[in-house]
Each structure stands twice: as structure tokens, then as C-alpha cells.
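Engineer: For chain F, the structure is supplied; the task is to place chain B on it using the hints.
Those sequence lines, one after another, are chains F and B. Under the numbering used here, think of the first position of the first sequence as 1, with each following residue one higher. Under the numbering used here, think of the first position of the second sequence as 1, with each following residue one higher.
Source of the hints: derived by calculation from the structure; they are not laboratory data. Don't take every hint at face value.
[Unchecked claim] Computed list of lysine-lysine pairs in DSS-like fashion (alpha-carbon distance at most 25 Å, straight line):
(1) Lys-526(F) x Lys-658(F)
(2) Lys-7(B) x Lys-445(F)
(3) Lys-103(B) x Lys-289(F)
(4) Lys-421(F) x Lys-445(F)
(5) Lys-226(B) x Lys-252(B)
(6) Lys-315(B) x Lys-280(B)
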Amino acid sequence: MPRRDDLETIMIFGSGPIVIGQACEFDYSATQGCKALKEEKYRLVLLNSNPATVMTDPEFSDRTYVEPMTPEVAADIIVKEHVDAILPTLGGQTALNLAMELHARGYMDPGVRMIGSTPEVIEIAENRSRFRETMTRLGLDIPVSGLASTVEEAVEIAKKTRFPAVIRPSFTLGGTGGGVAYNLDELTELAWRGLTASPIRQILVEESLIGWKEMELEMIRDLADNAIIVCGIENVDPMGVHTGDSVTVAPIQTLTDVEYQAMRDESLRVARAVGLNGGCNIQFAINPKTGRRVVIEMNPRVSRSSALASKATGFPIARVASKLAVGYTLGELKNGITGKSACFEPALDYCVVKAPRFNFEKFAGASSVLGLEMKAVGETMALGGNFREALQKALRGLEIGLHGLGAPVSPAEAALPDDLKLERLKEKLVLPLPERLSDIYSALKLGLPPAEACLLTGLDPWFVSQIELIIEAEETARGTFAETVARGGNPPAADWRHLKAQGLSDIRLAKLVNEASPGLETNAEKILGLRLKAGVVPHFRQVDTCAGEFEAGTPYYYSSYDSPVSPMPAGPGDSGRPKEPGRGRVMILGGGPNRIGQGIEFDYCCVKATQAFAAMGLETVMVNSNPETVSTDYDAVGRLYFEPVTLEDVLAVYNLEKPDGVIVQLGGQTPLNLAMALKDHGVDIWGTDPASIFRAENRRDWNELVEKLKLNQPPSGMARDAETAAEIAKNIGYPVIVRPSFVLGGRAMCVIYQERELADYVSRLAVSGSEQGLDLDSRHLILVDKFLEGAVEIDVDAVADGGQVVIAAIMEHIERAGIHSGDSCCSIPTFSLPLSVLNEIRSQTHKLGLELGVRGLMNIQFAVTKDSEIYVLEANPRASRTAPFVAKATGCPIIEVAAKVMAGRTLEEIGFTKEPHRDHVAVKEAVLPWSRFQGTQVVLGPEMRSTGEVMGIDNNFGIAFLKSQIAAGMATPQLGNVVMTVCDADKPALKTSAAKLARMGYDLFATQGTAQYLEKETGVRPAVLSKLGSVKPNLVDFLGSNPVQFVLNTTSGQKADRDSVLIRAEAIKRGIPLITTMAGLTAAVTGLEALVELRAENARKAEESGPEDAGRPGKYSPWGVTPLQDYHDPARDQAKAK
Amino acid sequence: MLPASLKLTKAALTLDDGAVFEGYSVGQIPEAGGEVVFITAMSGYQEVLTDPSYHGQIVVFTAAHVGNYGTNPGVDQAPRTHAAGVVFHELWLPEVDHWLSEKTLPEYMGLHGLAGLTGVDTRALTLHLRNKGARNGHVGPLNQGLLSSAKARALPQMTGLDLARRVTCEKAYGLPAVKIPGGPKKTMPVAVLDLGVKKSILDQLRSQNLELTVFPAETPPEEIEKCSPGGLFLTNGPGDPAACDYAVELVKKYLGRLPVFGICLGHQIMGLASGASTYKLPFGHHGLNHPVRDSRTGRIWLTSQNHGFCVAPDKLPPSVRASHWNINDDTVEGLEWTDKPAFCVQFHPEASPGPHDAQGLFGRFRVMLEDFHA
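Excised from the complex, chain B in its bound form:
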């Protein structure tokens, strides 16, 4: 609920099924469209809005209050915001006093041209999405129900959509390794296929003393060979993995030749490369509280998750086993190859935002590289 002193313009989110959720317009662009997904995180909004995996989506925060601590330096996951729009229950609009805060969230959204809606009954919206599945929606002026819902319906469906190409880097670039006291001593080169990478993933890899060369999504293997990588990493990213055939082909080439590690979209692509298929979840996993069991150790991690697609466990070849499971809905959360140095996870061990329980996986990749090159 908003302070009455702020004269904000009413606006609405209209879903492709005609459901309308009213609110007040915040940010710059009065209109936005995309797949509407809800996230149950209670902190980390800045990280979420800059995560390229949310590219083209309208993100609904279920938390009662968002924006309380403003926006802080060093937490952006990309140089720009990627979400198409954002819906709040109550966005904090006035000044912020947090010691790290540089700008308020509305100011930040304005700067990045991000369209938003606040004062929305996000619980009703969330229950709607939960019951009817994630669907396209349109943020626009009030009382344009029919037009808006037509606009929402006109948006492309997420299934079959290759968005990685839109968010990948334009050309390859290098990132030096970071030596951490007590960490791995030998610097090793790793090629990163950028499908929409989060900065914190790169940070985590680098702090394993890995020297990175980050390549655009559609880089042919010959280009990658040029940097003589010791391993290949596939990043997170938006869209349908099945549409990224180029990346699937690339992985197929490298599996068994080099250690391969993938996260999120990278994991789905590795799954496809193994011969498995992917499918779309009804409303995806978006939150910081997803329990994942490591089937080797039985340990359960609380993980940060953000995905709409998922690897189906049924068509996995015998040499690939599902190593991690989501214990809420028994979906596959990780794969490992028994005959090749390769593994991947659906969740986000780099967190940012979210719990750090699974951060050790970056170390596991490092060990895999060392073993392979020993």
C-alpha cells in the first residue's frame, strides 16, 4: 500500500488469460511484456533484476516489502537489468538509509529503464500463476484490459524461444584468475560459454584460480580451441534450452575431451547433449529456499533457483546419472557422467542472491580439472 502523498499513475498487469492486476506505475517505461514468474525470495532483488536468466520475464516479488535497503555497489549480476518488468506488493519509494545504499530501487529502475508496478495484490497474482501456470503478461495503462491481454497473447511463448543469443556477450573476452590465500596454487585456463552469465559465477570460477575466456553463445569450437582451455563451463541463461542447438552440439564435442561443468541453462544443455530431453515446469522454481539432495552423500542443500525448464530423468543414458534431486517435487537438479569428467547442476551454487550451501561445487570443478590434467 502506498503513501498517499506520492501521486503515482495507476497501471495494470494483464495476463494472457484476461486476468487483470492493478497497481501503480514505477520506473521509466510505461509498457512491458513477457512471461510472468513469481519469486519467493525475501532479499536480493537487485541481483534478481540484473540476472540475465530473467531476460524477457516479468518478475513478481511475493515479499511484502521490497527495496528497503536500496541498491548497493558490487551486487549487479550484469551491466544492466534483464527482467522485462517487475511487480511489487510494496516497493519502498522514499529515501533509504542503509550504509551500503547508493540509490533507491525506483531510482535504479529508472536509470535502467525498467518498468514496474507496485501496490499489486501479489498474493492473488502468485496463487493465480501457481494454479494456472506461468504465463505471458503485459504491463500497461489502466483500463485497457482487452488490448493488454491481446498484447500479452501476442507475445511469443517461452517454449522454443532462444534467448541466450540475445543476452550473450558480443565478443570473447578474458578474465584473469584470482589467487586466494590458501586456495589452489596453479592457474588453469577455462573456456566459458556465455549463455547469459551472472557475474557471481565468473567470480566464483576465478577465485578457484581459473583464468577465464568468455565466449559468445554461438562460438564455433575452432574459436574456443584457440585459447587452449583446460575445461569448459556452460553458464546460466534465459529461454528454452531446446532452442540452443548450437550449444548442445558444442557440448557433445567436448564431453570426454575436457572437463565440463554447467549451471542452470548450462545444465539443461548438457542434459540435452547426453541424449535426455527437457520440459517446461508449470511455474518454475524461483526462490532461495529450494532443498536439493545430493544423492551420493544424502546431504541436503538449500539452494538458490531460477528456472522454468527442467531435464527429464527418463532418457538419460546409462553413463549419466541424476546426482541431485529437488526434494519438493522430485525434479532433477544435477547430472554427473560416470565415464567422463563432467557434471552440472540446475540450481545456482553461486547464489547471489541466496544461500551458499552449494558453493563447494566450484571447488569440485577445480579438482576435476586438476585430476584430468594431472
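Chain F extracted, bound-state conformation:
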């Protein structure tokens, strides 16, 4: 079937803010989908609330809506844009749920089609009981289970499934609210949580398959019933750990062809029965003792795994799925890599390993035991000639201080006797912990029999054997290899190759040699030198989808040393291309795995810059290891090297490609950390000199610079121990803000109010230092700064070319100083600062930009105190987290401009010489993963903990703010109950807001103290709720049993008191919007007032112009919907001015 000509306008849903379980893989999918459908000349309309994405760049669709992803907004867009069809399969569970909601509410005109997956398909696949019915009808085996809508029903079902029993809530993403219950108590608790998490109040109670093999098939089917399995993925961690948290490998390693084909047959039958059109993922569990195989689930959409599968094989699943959605069949599409048919199954002649990245250290109190609910915040993938090489590349790509298997141990641990160490490890191995593979490695080294390792962990013996082989290789390295190096000789090339092919990094080899020859003190640098002398460099092989069967044109490569004894010259497609004469070549370093503080924003920067370089006629080379990203789409870059972003791996690519310049300022901290070392290797770093970057980060240099420019900064000092820190704090006065230097995302940053807390902090830092990879060596001092309580924080993003500095946007934070900029809500333009302050900020920005010699992007943070004193907090001459927000909010292409500057153009030449001015308001709000980390305190602070962001954009600040809140998960506010409990210091600030809320008609509830205060001061009389620990029902009970619009809870200082912890936890559990700062409340009240006005105005207009929806800005939502293309059109502001 050819392209559908009955459709003209297609709407694509993105996946909203990055949250755990739904990360930038959907940016990759939807961006690819947009490209694929644009090729087909459809008119594209995109809805996604997340401004950090590549897909929301206005160039990827005809109309780009960065609006809350609610059914009302979507319905309004459908009407406004005359949408013919909705493609909901590229934006994860969020998109699927939104489409289902639109369908269920009847918001979709019958003429509007759902393509990709129809409501019927989604219903069968996602509704657990219908899915089970379908599987049973097909004769497929499924786990013993039952559906429960109450805790009592769950208990009843558990009698059949026995313990341990698995709880899975229906219709949630990433398994939110799921878990494993080992006894009745746990079952009751988990059933309750699951029922709360499920939008339809339904959970599945299921036989436990813990320890079974877990397999996933990524498949594509068209409506002519052609189907292919793109990739089989085996989880190294067996069932019991969410696949997003598991180390996985492709292709499948431990199944026979008979087993694999039976699974393939079943997948096809499932897809057929469900009526799939496009991509899907099917999960199986296989009992390793009996071979019994059960179907776990099926997702009728592209997924995290399909992004992984696409990168692992080179087969663009989202692209093909999008084409199928508009009528094509598989046989009509080409495999862009080989020019052969797209209807085939990729064959791999390498191993691909994915490893998850966690951020548990940011959530004190939360358990790091893995389970059914996904906890990983990012992932890295590596390709290697064999499993060991791929695994060790993946581990070093994680950037958690691993240089291969084996986690660093604290000196205290290292000092333990071996048998005690082993006992401890054995205790740990029983639990699925993030560091399990490294623990197996350590335990095997201490003599744990491999069979016992398998027994304790449930890992397939093949994987444990692979770890044994790595240990064996390390033994080899410690032997004659190390001796030769110690003697000053150079081991033979074959020995080098053997060790490198086991994935041993130069750093690890140096360590092994040093272990064998104490006192030698070789290092990675020297090892690299020797290795190069021995002529041992990796081969770069092409990812060709076909194991070499056909010639491939893909510019997609990975490195391997595994061409064991006969290093034949690589094939024609297998190496870097010679430079075209007269054409420059630039290499862009990506950000590696996502983590809190370094995510999709930097990928946006890398992708946009790559495009800009390409547009300038430069050849582009990308190095990155994150399979979720757009930057690792071989289609998005000139040539892609899927490699860990470490010095060794980057240099290997560099030596092959010999680019004219390397870009380190766009990928976040990861490439920046390599900047100096790369420069030392003679690499030409384009853009701002790394020395300048470090000048801004090095406290002493920075102080000198601030002094030289006569700028203000909060009084501060540097300490190496608790005593000095206390002395500095005493001198500058509490509260102080403390942090280790050289960290991103405010890691381990803290506001300290008294000396006792400071001592605690320093000792905590020392203890957790080695565990968290934060060491207190000379580069990692503790910085103590005066904390400017109550100050307004300002972010400035600018571009400079060495001679000129042009501001792209000045942002004002809603929350006051003390909350990490990544976690705070912020607005473009500023809303509370006088022009004189803004102009002073502009002038300081110029001074800093020039003094630092910035070439490219820079971000500066200021604090403005109540008496309009301006303090500069930090300057970062590199891409900032806010850069994509600025680009989307203002339409100013700052990344492209910066890229051109880095490539040598001046701002004058580019034509970017004036700070853009817009009449509309854009508000960015952070999204936090509290619900995933039960047990941690729900407190915003100087350490960043948000995973994602959303943007609200409107002509009115209040509405823009409200949109940002709704996009972040708050329900569109209706009148109702508001619960308030604030600390004494905040009470005066509550007066106005409380009065406004009461006037609007909200029912206010408060604790005794807050209520009394309000009554006395304002006459507003909130209903009194009893405090926790006194008469029941108390405040928490109230939250549990009444609909509540939002909860306001503030505490003095950074730590929440015991009551606040419980109140906030309850609000998170119930999904009730929670406001924890007075500034947040003020903004919210402004928004609510604006909404009231808007509704009144809408009603008035409706009355004037007749009853039908005429005159209303939107048919379904109170505000009108406007695409970015319109907001960015300067003519719009001019027209409005007239």
C-alpha cells in the first residue's frame, strides 16, 4: 500500500518532561518520526511540553506547540490546525495515554484518525485483563495472576500466586507503583501504592518470575501482515529488575535457535492478534531450568528498548514505524544503510551492551535495591567485538568512576580481611543492586566459586563466565605483560591486542601494572604511549545491519580491538574517510549517559550545533555513548562514533578522523572534563579556550577576575577541613552555602545555618567521598559562600565572539536563592526587576564575557538582594541547561549562532548583535522524581534533583506560569480545597495570597498556628486541621480522604521537620500538587487569578457572540493555543504593538 493521500495534517505527540522511565529516547523517536513524515510532505503539528527536546525545535514540524499535554489542549490544537490524523506511538506512555484520553472523552472529531496504533490496539495491549484474555486465546503461556481493584482482592489472588508475588499497576509508565511482595504485609502496602498509582485503580497480582531469563523482542509489523524482529535483547540481570535498570545485551546470547524461533513465532502471533501497525516491544520470561516461557507484556509503540535496538542494529525503528503509519508496507521501504529492503532482520557480528546510570546519591534515605519500578535516570550503550569488550566499554562510559568492572572501594573496606570482604559481598549479591556485576567480579576474585555467584544472583552462568574471563585477562596483564612494562620494555602487539580486546582500558592496564610492580607508578598516559608505539590502535567497524553481507553506506562506527591474531586491514566501509580537500572537519563531543544535572538539554545543543556546522559546509563527527539521544542517530550527524566519552576513546577517534577542531562546550560536564587533557594532546579546541573555562571554575582565579572587574560576589572562602570551614563560616556569617568544587548539578551542595550542621556536612562528605566518587583531594576543595537568603536569582544566557557579547535572554527564578537553578521555576522575561538592575546585569555580563574571552555560549548566574544589590554567583563559558529553553522561548537560535562563532565567524557576520525582545512570557518549570524515591525528603535545595522540565508560554505571566504547572503534572485548577501550613517566618508573606485565594472562592484549610495568624491578620478564616500526632483525623488523614487542589508547606531552613516530611510524602503519594516556597505560592496565585479573569472574559465573549463556541480562545481549554512559529515571528509583536 502506498502513502495515504487522504491525510494532510498529522499531529505527533511528544512525551512531555523527562521523567524516570521516559527519557530522551522519545525525543529521538519523535524527531525521527517528524523527519520521516516531512519527507512524505505531510503537514506536521507537534505537541510536547518539554522545551529541552530536539523535536520542539520549530524546524522539525510545521506547527510546534509547547503546551501542557492535556486532552483539552490537544483537542483545541486538533480543531485549530484541522488535524486529520494523530500519531501517538512515538511519545511513550504519555502520548498513548493522551490519545486514549482524547478518544475516551470524545474530544476527537470522528473524521480524525489515530494512526500507528488505533484505540483498539492500545486497549488490547495495555489493558491487562484484555491482554491476558488475548494471550490465553492464542494459547500462549502467561504467569499465574489476577486483577484486583482493592487490597482485599489482591490478598485473595496472592493465595493462588503464592509469595513472592509481583504487583503491577495498570496504565503506568516505567512500572511506577509496582513491586515484589514477599509477605502479606508487603503485599498490602504494595497493593495500596499500586492502586493509587494506576489511573484506573487496578493492579495485577502475579506469580513471581524472579530469577527467570528476561528477553525482549523489538518488532515491526505492517497492515499487510509482514513482520520482522529488529533485535532480540537479553537482560543480563534476570527477572525481578526492571529492564530499564538492567544491564542488557544484544543479540540474545543464551537461547537456542529452537527457543528463539518459538519466541519469535509467539511475538508474531501477539502482534497479529493485537492488530499492530508499526513498532512494538514484547517481553518474555524463560525459566532457565525448564525452558517454560511466558509472555510478560507488549507495548504497541516505540519504546526505550526500540531506541536501544535502533542504535544497536542501525535499523531506524521509529522512522520505519512512522512510514507504516501513513500507509506504506515494509516491502515498500528501503533499509537506508544497505539500500536493500527494510523488510529484513538485522544480523549482528558484534555485541552490544547497555548499562543503566543511577543517581541514588542525590536521594538520601531512598533504597538503591532495584526492583520492578525503574530507577535509572540514564543509560549508556557500547558496541564491542565480544561481550567483555562491550561490557567494559559500557561501564567506563557510565562515568561513575569505573574504568571497567570492579567498583572503587573505600580504604576502610579495603583494609578488611578477605574472608570478611567476601562475606559482605555475598550478602550484597543476594540483592539486585546497581553495582552487582562489579560485586560479582570482586567476589570471584576473592575466591567465590562461579556456581555460587550464579546461585546468589540468578545470572546465567555464561555471563558469570565472561566476568571470569575478564579477571583472567587482568591476571595476564599483571604477569609477563606488567613485568615487561616494569622493565621498561614494550609487550608484543599480540599481547596488547588480547588485553585490549577484553575491554581493558588504558587506565585499568596502568592500575594492573602498578599492582604487579609496586612503586612503578605508571599511568594511562604512559600506557597509551607504549601502546601506540606497539602500533596497537582500535579498528573502527561500521554498523551495517547485516554482519558484512552487503556493502553499507552508513556513517556509523564503533571501535574494537577484537580482530585477534590476524589484524587484517579493515574493509572499505570500516574506517574513517579521508578528508575532502578544502573542507573543514569538526568533532563534537556528546554528553554520555543522562543523569540528573546533565541531560537532554545538552543533546539539543550538540544536535543543533552539528546542523549549523553542516550548514556551513563542515564535515561533522559526533562521539557519544547515549543510545537515547538524537545525537546518536547516524542520520542527524555527519559521521557517528558510538563510543564512551572518555579520554582514551575520544583520542582514538580523534587520531583516526584528525578533525580541524573539537567542540567540548556543548555536551555538559563530560566533554569539558576532557578539555585540558585533549588540549595537552595537541587537539585544537574550538570556541572558548579551556583555560578560560577553568579560570571561571577555579575559585582563586575566579575571585581575582571578579575583583579585577570590580564586581560583587558573596563573601566566601575555601576549606580543606571542618575547622577551616567553620572559621570561614563564622567570619562571613551564617547561613552559608557549601559544596565541593568542580561539580555539576550542585552535587552535595548544602545550605548550612549553624556550626554543628557544618561539621556534620564535612564528615559526611569525607565518608561518602569514595563511595560517591567525590574525593577531597586538592582539586576538590570545599567552598564556603555566604548564602544570600531571600535574594532573587537571575540566569543570563549569552553568546560572545571574543569581541562582542550578545545576551540571548535574562531569566528570573521564581524561587528565591538557595534552590538549584535546575530545580527552580524561571521566567523569560524577568518580572520583578527594575530596568536599572537589568542594565547593570547586562553590563556585568558584557564585562565577564569579554574578560573570559568567551567564544560561543556562556551562562551567568546573578543574585539580586532586596535592596537591589547585584552579586555574580558564577559564570560558565559553555552551553547551559537553559540554552534550549531560551531558544524555544525567544526563537533566538543561540546554539547555531554559537556554533558559527566557534567555527570562526563573528557575531557581526552572523547578524546576531542585539538582545532579542519578545512580548510574550515563557516559564520553565522543573519536574522532580520524588515518587520514585520513597523515603527521601521532599525538599528543594541547592543540589539539583529534577529529571526534566516543561515550559508554559503565553502573553500573560500568570497563565504562562499556570501552564507550566499544569504541564508539570498539576490538574487544571478548579475551585476547591487548599491546605496550608507554613513556618513562622513565612506567615507574613502568606497574608496577601491567602486573602486572594479566599476571594476567588477556594476553601482554605490550615493548621492551628497558620489559621490563627491569618484570622488575626487578614480576617480570612481557614478551617483548622489538627497537627500530626494530635487528634485524628489530622492533616495527613485529610489529604488522604478529601480532594485537595494543592498543598502549601514551608519549613524554616533547608531541612523539613518531621511533620513536613510526612505531609509532603502524602501529597506526593496522592499526586496532590505541592508548593514548598512562598515565591511559588505567589506565582501560583497570580496564575489562578489570571485564570479566573480569563474564564470571566471567555464567558463574557461567549455571551456577546452567541452560545456556540464562537469567540472562545479554545473550545476545550480556557486559553487559546499558539504555536512557537507564531510566538517567534517578530511580526507578531509588531502587530500587537500596533
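Structural biologist: Relative to chain F, chain B alone:
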């Protein structure tokens, strides 16, 4: 890459063009020669090594790891291994823990006297074969480049080689039909001309309630008549179809008289019988991921393939049409006779190893038999 603890002997694969690929010797016989072909399958090595169609060939697995799940009961395609040699990137040597595993692959190779080489840069080798075409090679001790390549050159070329005669059964034997619940009720007799049959083909035919008499390749028609077959089946097998004139003649006799179905070499022979010609592909199709379009329905199947020769579509008589096409390289993958009950396919509907998409073809043969004898 091999565990260093295993003291394996270095050896090499030398091609007739002088290219040398080093590795370590595994299995029993230190020497082997044959046409070197690469297969991109990621599973099913045991089935491949016992497939008589690989007779005399040195099979190169492109997969990074082979042997992980050991060898299992019931999957052998013949009582012995047929490949002349086998080349791995990384053969799994230690114990295997898979619940079905009986022996490790190296043990199994030893038992069957199969020569192998592991630790080879199979990607380089594959690219070499892809670019220069499948060619003869010799597995032997290290550093005998000239001698080995001379040995490789001395090997007979695949073109013109009749290997079916070498792998066919010695004498005719019968196999009872298998009645499957819900399957065809009436048992029907079918003669199978064994050109190097895979067990799974026989299994598939039997499960269509067909009673089989399997005949050696060069059986004259009179012998076959004796079992009064309701249909004739031509199996897969090794070698050049053009060299199997006896089988071509036999097919000519039966076309139109009985329903005829052929797979792989059987298909090529049926093609020759129709008057078409066959030719050798540069490096053949060996893998489990070959897309084939059924030109009647437009459906695409992922198929298991293993062939070096191919039927040329140009000389087909008007009564024979190419029913299936490989959509990667537009080669003929199936034929059907418009005036006679006969059809054949180049790929392997019995899979083993590989996807089962085309398994319905055995049912189609059954229906053809029923219609013919109705």
C-alpha cells in the same frame, strides 16, 4: 578472543587467493579444505553444521559468540556433521549450563571429527569473501601460507560439482506419516528424492500426514514407481544442480504426472527440468534473515537460506513463473507451474534454523496432493 588459560594451537585458514586468516585450532582433524562461505545466523549453529547442504564447505559464522548454549538433542539435521570445517570468531569452549545442553560445541565437533578454527577476525574474512566472492580455502597449521594456498587451489571448484551423490542415502527407506490433531486425516504416500535431505524437511512432510519413501539420488523411475507415490518431493542438498542430470531427468518424467515439490537444490533441479538454467551467486545466501516476496500475495517472509546457486529467470517457459523473489537482490526464490501441479522454493520453509514464516508451504503441497488425487 580466547581465554589465555586454554593452550590451543595456532592454525590458519588460507584462501586460494593467498589471503591468510589466523586463529586457533579446535575440533579433531588438523586439516580441512572446501569452499569458504559465511553465514550471518546468530543462532542455530548445530543445525547448520549437520545440514548436508553444507557438505564440503568451510562455514564461517559471522556472529561474535558461537556455542553459548552447547549442543542439544533433536536438532541435528543428519546423523553426522557435513561441513568440511568451521570458522568462529569466538567459540565458547568451557562448560555450558543451558538446560537442554548435552555437550559443548567443541566436544561435539570432536565427536564428529569436525575441524575448526576459532579466534578469527571473521569480519575481515567476511568482507573479503563478500568482495572477492566465495572461494576455496584450506584450514591447516600456521605458517604454511604457500602450501596451504596451493592446497586450496587444488580443491575442485564448486561449479560443476555433483555432491548430492555423496550425501544421499545408501538405499531407500520408509518413514511413517505423523497424524497431528486437527491436521490432514488421510495418509498419502510421497516419494522423496534424497539429494542431501535435512531431517526437519522430512519431519514437516510427515506431519502433513504423508507417508514417505526416501530414495537415493540416482534412483531410476522404475524403482520409485514401486512404492506408488502420490507425489514427488525433491530435497535440499549440496553442490552444483547442473551436475545432477539424473535428477533433472527424473523430474522431467514426473512433472504433470504427479504433484512435485522441491526445496533448495530440489528447486534448482526443477528449474533445470523446466528448461531454465542455473548460475552461481558471488557469495551465495547463507542466513536466517532473507526477505522473500510471494508475488501472488505480496506477502514478505523472512526465510532461512543456504544456497550458492540460483535459477535464472530468463529462460523459463511460459507455463512456469517465478512465484517468489528475494527482495534484497531480486533473485528467483520460487517457481510454480501454471499447467501442472508443481512448485518449488529456493529458501528453506522448514527453517531449522531460522524463522518459520514460510512453513505453510508444506500444507500447500498437501493441498496440491489432495486436489490432484481427488
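Engineer: Determine for every hint whether it applies to the structure shown.
Structural biologist: Against the structure, the hints come out as follows:
1. Lys-526(F) x Lys-658(F): holds, 21 Å
2. Lys-7(B) x Lys-445(F): Judged against 25 Å, a Cα distance of about 22 Å means the pair holds.
3. Lys-103(B) x Lys-289(F): Distance of about 17 Å is within 25 Å: holds.
4. Lys-421(F) x Lys-445(F): Cα-Cα ~11 Å, so holds.
5. Lys-226(B) x Lys-252(B): Cα-Cα ~18 Å, so holds.
6. Lys-315(B) x Lys-280(B): Holds, at about 16 Å.
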